[in-house]
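Chemist: Take the sequence shown: its letters are residues 64 to 398, numbered as in the numbering used here.
Think of the hints as simulated: they come from the structure by calculation, not from any bench. Among the clues, some could well be false.
[To be verified] For lysine to aspartate or glutamate, the following DMTMM-like pairs were computed, each having C-alpha atoms within a straight-line distance of at most 20 angstroms:
(1) K350 - E315
(2) K256 - D302
(3) K175 - E210
(4) K168 - E110
(5) K256 - E274
(6) K170 - E210
(7) K93 - D187
(8) K375 - D199
(9) K170 - E180
(10) K93 - D194
(11) K350 - D320
(12) K276 - D295
(13) K197 - E180
(14) K168 - E180
(15) K367 - D199
(16) K366 - E203
(17) K334 - E203
(18) K129 - E100
(19) K92 - E188
(20) K195 - E94
(21) K197 - E241
(22) K349 - D295
(23) K277 - D311
(24) K350 - E370
(25) K66 - E100
(26) K313 - D302
(27) K88 - E110
(28) K349 - E315
(29) K168 - E147
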Amino acid sequence: MIKYENNYQIPYDELTKMEQKIYDKQIIKKEHFLHSELDIKEIKSREVDYIIDKIYNLPQTIFYIKFNKIFILGRKIRSQLSIENKINAINCSQITASMILGILKSKKLTGKDVFVEYYPMAEDERLSTFDKIKSDSQLEIIYPFQERLYGTNQVEKTGKEGWSLNPNKVIYLGYGEEHLREYTKSFIKPYIKNGLKIYDPACSTGQFLYELKKAYPVVTILGGDLSKQMTDYASQFLDYCECCNAKDSKLEENSIDIMFLRFLNDQVVSKYQAKQFLPKTLTKVKKGGLVIAFGHTPVLLTKKQFEHYGLKVESCIGYYQKNNCIFQYYVMRKL
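Build the full structure now, drawing on both the sequences and the hints.
Modeler: Written as structure tokens, this is what we have:
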């Protein structure tokens with residue numbers, strides 16, 4: 064049982080220690096396992112296990128994936144990047160086999176209480192399930208709970224001036240998205256052509272776009288960010304960089320070949336803002352162009368919601384072989 068039945072917000076250092084204990088218990092050390100079909104009936108006959116949390120601790124670590132007519136439940140454990148002090152957060156966007164728990168039975172949020180029931184899987188079953196999930200990019204990772212601030216019960220989001228910039232933030236953001244950069248460089252290779260325009264309306268430090276430019280010098284990289292500190296820093300790496308809200312970009316309509324959305328995420332905007340911003344940023348993309356959404360924290364919109372805004376969702380999951388991990392990576396085509 065994963066249990067946080069507290070009536071206060073757990074301090075970060077204490078939370079990290081508690082998460083390390085969960086990590087030690089949940090981590091799978093096996094390198095080899097028996098491939099076998101899941102006996103769903105047998106798994107559902109097992110004693111139910113629980114996750115009990117508060118909406119102001121780590122509810123955003125809970126996820127589920129619809130797989131073969133059942134819902135596979137998982138919960139993120141402490142990121143290896145956190146253990147190595149490479150990021151200043153307990154979790155990152157990577158999901159590994161150790162984060163698979165079992166078959167979801169029920170989930171609910173009552174006031175500030177998160178309660179999830181599931182039928183637990185053995186290690187071989189968790190490994191086998193993950194092995195199948197990572198091979199199907201059409202599956203969707205859903206994060207049902209959003210963290211809310213302890214005092215106000217509001218979701219955390221970026222301030223009016225955007226994020227401030229400091230040397231540690233540059234380092235942490237760089238480490239936190241390494242797998243995303245490497246996966247993206249490989250993914251976009253078939254689309255590369257001279258003058259291809261790639262746009263990131265929340266480019267942050269610009270490192271993500273700059274890595275693509277170094278890999279493919281023939282592309283044009285364009286960025287924007289709400290923070291002037293970020294755009295002042297990023298402009299030295301990009302072909303074009305503007306300081307503005309994503310919905311107020313001065314870029315030409317229908318001019319972008321590939322747009323990366325790395326801000327429709329938990330702790331960056333609210334769900335309401337995400338639904339507002341998306342259609343206004345889509346106007347910059349050519350008909351038939353690609354729109355790719357991912358980020359450090361969970362994407363707030365689902366496949367169904369993206370489709371509502373006129374996008375054809377081609378895949379929902381990315382897989383990075385080096386770390387044997389999956390992550391949200393929505394690849395969509397503008398119709």
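Chemist: For each hint, tell me whether it holds in the structure or not.
Modeler: Now the hints, each set against the structure:
1. Distance hint between K350 and E315 is fulfilled; the C-alpha atoms sit about 13 angstroms from each other, no more than 20 angstroms.
2. Restraint check: the Cα-Cα separation between K256 and D302 comes to about 16 angstroms, which is no more than 20 angstroms; the hinted pair holds.
3. Taking the CA atoms of K175 and E210, the gap is near 10 angstroms; set against the 20 angstroms cutoff, the hint holds.
4. Pair hint K168 plus E110 holds up; C-alpha atoms about 11 angstroms apart against a cutoff of 20 angstroms.
5. At most 20 angstroms may separate the alpha-carbon atoms for a hinted pair to count; K256 and E274 meet this at roughly 16 angstroms.
6. Of the pairs offered as hints, the one joining K170 and E210 holds, with about 15 angstroms between alpha carbons and a cut-off of 20 angstroms not exceeded.
7. At most 20 angstroms may separate the alpha-carbon atoms for a hinted pair to count; K93 and D187 meet this at roughly 9 angstroms.
8. Note on K375 and D199: the hinted pairing holds, with a Cα-Cα distance of about 17 angstroms set against a maximum of 20 angstroms.
9. Note on K170 and E180: the hinted pairing holds, with a Cα-Cα distance of about 6 angstroms set against a maximum of 20 angstroms.
10. As the CA atoms of K93 and D194 are separated by approximately 13 angstroms, the hinted pair is consistent with the 20 angstroms bound.
11. Proximity of K350 to D320 is assessed by CA-CA distance (about 9 angstroms); at most 20 angstroms being required, the pair is judged to hold.
12. About 18 angstroms separates the Cα atoms of K276 and D295, which keeps this hinted pair within 20 angstroms; it holds.
13. Among the hinted pairs, K197 with E180 is inconsistent with the structure: their alpha-carbon atoms are about 24 angstroms apart, more than 20 angstroms.
14. Taking the CA atoms of K168 and E180, the gap is about 5 angstroms. The hint holds against a cut of 20 angstroms.
15. With a C-alpha separation of about 18 angstroms, the suggested pairing of K367 with D199 holds against the 20 angstroms cut-off.
16. Of the supplied pair hints, the one linking K366 and E203 holds, its CA atoms being roughly 8 angstroms apart against a limit of 20 angstroms.
17. Simply put, K334 and E203 have alpha-carbon atoms about 18 angstroms apart, close enough for the 20 angstroms limit, and the pair holds.
18. Simply put, K129 and E100 have alpha-carbon atoms about 16 angstroms apart, close enough for the 20 angstroms limit, and the pair holds.
19. Of the pairs offered as hints, the one joining K92 and E188 holds, with about 14 angstroms between alpha carbons and a cut-off of 20 angstroms not exceeded.
20. Distance hint between K195 and E94 is fulfilled; the C-alpha atoms sit about 16 angstroms from each other, no more than 20 angstroms.
21. Under the criterion of a C-alpha separation no larger than 20 angstroms, the hint pairing K197 with E241 is consistent with the structure, at around 19 angstroms.
22. As the CA atoms of K349 and D295 are separated by approximately 28 angstroms, the hinted pair breaks the 20 angstroms bound.
23. Distance hint between K277 and D311 is unfulfilled; the C-alpha atoms sit about 28 angstroms from each other, more than 20 angstroms.
24. With a C-alpha separation of about 15 angstroms, the suggested pairing of K350 with E370 holds against the 20 angstroms cut-off.
25. Between the alpha carbons of K66 and E100 the distance comes to roughly 30 angstroms, so the proposed pair goes past 20 angstroms and is violated.
26. For the hint linking K313 to D302, the alpha-carbon distance of about 15 angstroms falls within 20 angstroms, and the restraint holds.
27. A threshold of 20 angstroms between alpha carbons decides the hint, and for K88 with E110 the separation of about 18 angstroms falls inside it, so the pair holds.
28. The hinted pair formed by K349 and E315 meets the criterion: a straight-line CA distance of about 10 angstroms does not exceed 20 angstroms.
29. A threshold of 20 angstroms between alpha carbons decides the hint, and for K168 with E147 the separation of about 34 angstroms lies outside it, so the pair is violated.
When held up to the earlier numbered hints, the structure conflicts with 13, 22, 23, 25 and 29 and fits the remainder.
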